[in-house]
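As given, the protein sequences belong to chains A and B, one line each in that order. Okay, so the first sequence: first residue is 142 according to the working numbering, each after it adds one. Okay, so the second sequence: first residue is 33 according to the working numbering, each after it adds one.
You may find that some hints are simply not true.
[As the list claims (entries may be wrong)] Derived lysine to any residue pairs resembling SDA-like cross-links, with alpha carbons at most 20 Å apart:
1) K143/B x E368/A
2) K187/B x F393/A
3) K252/A x D158/A
4) K219/A x F190/B
5) K187/B x E368/A
6) K244/A x K143/B
Hints listed in this document are in silico derivations from the structure and should not be mistaken for laboratory results.
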Amino acid sequence: MTPQPDTHLPSIEQTADLLSDIACELMSSGAHTMRILQNVSRMAENFGYHLDLSVFQLSVIITITDKDDSAKRLTLNKKTKPLLINYTFVSDLSTLSWDAYDKHLGYEEVKRRFHEVISQKRTSRWVILILVSLANASFCGLFKGDIYAIELVFLATLVGFFVRQEMLIHHVNLLVTYTTSAFVAGMIAGMGYVFHWGHTPEIALASCVLYHTPGVPLINSVLDIIEGHVLTGIARLVNASSLIVCTAIGLFTALLILGLDKL
Amino acid sequence: MITIELIQLMLLDGVMAAITAIGFAISSNPSRKAILVSALLAAFGHGLRYVLMQYGMEISISTFVVASLIGLLSILFARIIHCPAEVFSFPSLLPMIPGLFAYRTILSLIKFMQNTDVVKNQGFIMDFFHNGMTTLFVLLALVIGVTLPVLLFPKTSFSVTRRY
């Protein structure tokens with residue numbers, strides 16, 4: 142009698158490939174390190190493996206060990222994709238990991254549902270453009286800007302965010318993108334000062350670049366540092382801070398060109 | 033005293049905060065329900081902070097109080113709609129980002145750099161430290177306030193997406 146290949150149990154290579162794909166997807170969708178670790182460990186548990194994971198900014202390293210036979214082990218180092226925050230993925234993959242753990246889903250089933258999750262479409266970029274512009278305009282309202290300032294901020298964000306979207310599509314360097322987009326928004330919002338529209342042109346200038354706030358990386362970095370993943374946390378913090386610095390540089394270049402610093 | 037005017041201003045504040053939260057939530061592509069929850073939490077948070085500050089509470093302390101309340105409520109909502117809490121904690125905090133103070137901090141720094149008048153420069157240094165400290169402390173209050181509940185209930189915050 143020849144030994145039949147077991148179709149139910151995946152090989153260690155297949156498992157490692159799937160788990161590292163999931164970890165990379167979670168990393169580039171903006172999950173914090175503890176969540177990635179817990180989600181992927183749960184799935185490994187389900188397949189009968191023990192998992193160790195290190196997450197860095199550009200790569201994910203996993204080692205899986207067979208629970209019954211510790212000589213069967215595999216280490217894999219995988220490059221992550223650039224950060225594109227997508228909380229639907231984080232949420233759905235987290236649900237999938239619990240489902241796999243509670244219902245003992247097989248390898249094929251987990252793989253199918255993983256591909257189902259990551260093939261979901263994002264919200265249309267035009268909807269995002271309009272909603273972000275409205276959001277930034279009402280930001281100006283929260284800072285007690287008058288109606289002229291609010292309209293100006295809406296326009297500045299519309300153009301600035303469009304520039305950012307276009308540059309991101311053409312894979313321009315992220316820091317250059319942020320600086321340019323902040324510069325464009327600052328130039329438009331500065332027109333309120335130049336032509337003396339309304340009584341609060343200063344507030345228009347202050348709120349026109351707030352759509353650049355890298356909130357998710359900042360919160361993730363604090364969560365990482367608090368939970369003990371200090372190295373990853375600091376990497377995220379440095380990334381977020383350099384984006385903030387670039388935004389400031391772009392805005393103040395616009396101010397210096399318009400000569401508003403003398404006011 | 034609670035007057036009609038205060039309530040009106042608070043509601044206006046809440047509506048604007050909700051619009052802000054929706055716009056910033058959608059750029060991180062969450063589910064529809066999560067967007068709704070972040071709008072609600074943002075309106076509640078910013079409205080409450082407005083009232084607290086009207087009664088004379090200091091900005092960083094009131095921000096801390098509101099941020100920890102939002103953290104607690106987002107864990108509660110996370111359990112209800114089965115979605116990780118950090119999905120809506122960031123957009124609902126966003127209306128409280130001290131953008132105006134941050135702008136004034138850098139502006140006073142640039143003015144200090146370009147000016148040579150000693151008396152004026154002392155004023156710019158004062159502005160720089162006042163605005164810079166406010167920015168720093170409000171940001172710290174936001175982040176620490178919202179992560180506090182995650183630290184207090186670690187089990188709950190990792191198992192909200194479990195359905196069985």
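Taking the hints in turn, this is what the structure says about them:
1. Using a Cα cut-off of 20 Å, the hinted pair K143/B and E368/A is violated, with the two alpha carbons roughly 40 Å apart.
2. Pair hint K187/B plus F393/A does not hold up; C-alpha atoms about 45 Å apart against a cutoff of 20 Å.
3. A C-alpha spacing of about 10 Å is found between K252/A and D158/A, which places the hinted pair at or below 20 Å, so the restraint holds.
4. The suggested pairing of K219/A with F190/B is violated, with an alpha-carbon distance near 25 Å, which exceeds 20 Å.
5. Distance restraint check for K187/B and E368/A: the Cα-Cα separation of roughly 13 Å lies within the 20 Å cut-off, and the hinted pair is therefore satisfied.
6. Between K244/A and K143/B the alpha-carbon distance is near 63 Å, which puts this suggested pair outside the 20 Å criterion.
Violated hints for the displayed structure, listed by number in ascending order: 1, 2, 4, 6.
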